[in-house]
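Produce the entire structure from the sequences given, and follow the hints as far as they go.
Quick note on UniProt numbering: the sequence shown kicks off at 1 and runs consecutively.
Treat the hints loosely; a few may be bogus.
To be verified - Label-pair restraints from in silico Cβ distances:
#1 56 / 94: 16 to 22 Å
#2 14 / 54: 22 to 28 Å
#3 29 / 85: 27 to 33 Å
#4 43 / 12: 22 to 28 Å
#5 111 / 53: 23 to 29 Å
#6 18 / 42: 39 to 45 Å
#7 113 / 31: 25 to 31 Å
Read the hints as simulated data drawn from the structure, not as lab findings. The beta carbon of each residue, even a glycine, is placed where N, CA and C say it ideally should be.
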Amino acid sequence: VVYGARDPDDVERLVVPKLLKTFPQLKGVKIDYRWTGNFLLTLSRMPQFGRLDTNIYYMQGYSGHGVTCTHLAGRLIAELLRGDAERFDAFANLPHYPFPGGRTLRVPFTAMGAAYYSLRDRLGV
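Structure representation (structure tokens):
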């Protein structure tokens, strides 16, 4: 669940009010763990796996599903390191689409997309 804090210390001030609006039954429940990180949404909504060079691999762009997808990525890397590249290659061979607008419009388009999905969440769509 993404609620918009950039720093773990912002959770109480920024995140908890939004969280309680969505899940009012959590009022009074202590938050033991919190984290922040960059959010990378790919155009296909699929994670991007690939090779940069011999024994240099990447996995990125979990599109908000990083907690689940990173477990899969870890398993696929383990298989790859054992010599079985079949499942890793299945993901690595998916096309990686460039962001529309390039570097110039990346930030404005990202902000517009975030606003759009935030509005959808508020409307319950």
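Each hint tested on the structure:
Here the CB-CB span from residue 56 to residue 94 is close to 19 Å, well matched to the stated 16 to 22 Å. For the pair residue 14 and residue 54, the supplied restraint of 22 to 28 Å is violated, since their beta-carbon distance comes to about 44 Å. The hinted range of 27 to 33 Å is not satisfied by residue 29 and residue 85, whose Cβ atoms lie roughly 44 Å apart. A C-beta distance of roughly 34 Å is found between residue 43 and residue 12, which places it outside the suggested range of 22 to 28 Å.
In this structure the supplied range 23 to 29 Å is violated for residue 111 paired with residue 53, their Cβ-Cβ distance being about 34 Å. Under the hint 39 to 45 Å, the C-beta atoms of residue 18 and residue 42, about 25 Å apart, miss the expected range. Under the hint 25 to 31 Å, the C-beta atoms of residue 113 and residue 31, about 27 Å apart, fit the expected range.
The structure does not agree with the numbered hints 2, 3, 4, 5, 6 stated previously, though it agrees with the rest.
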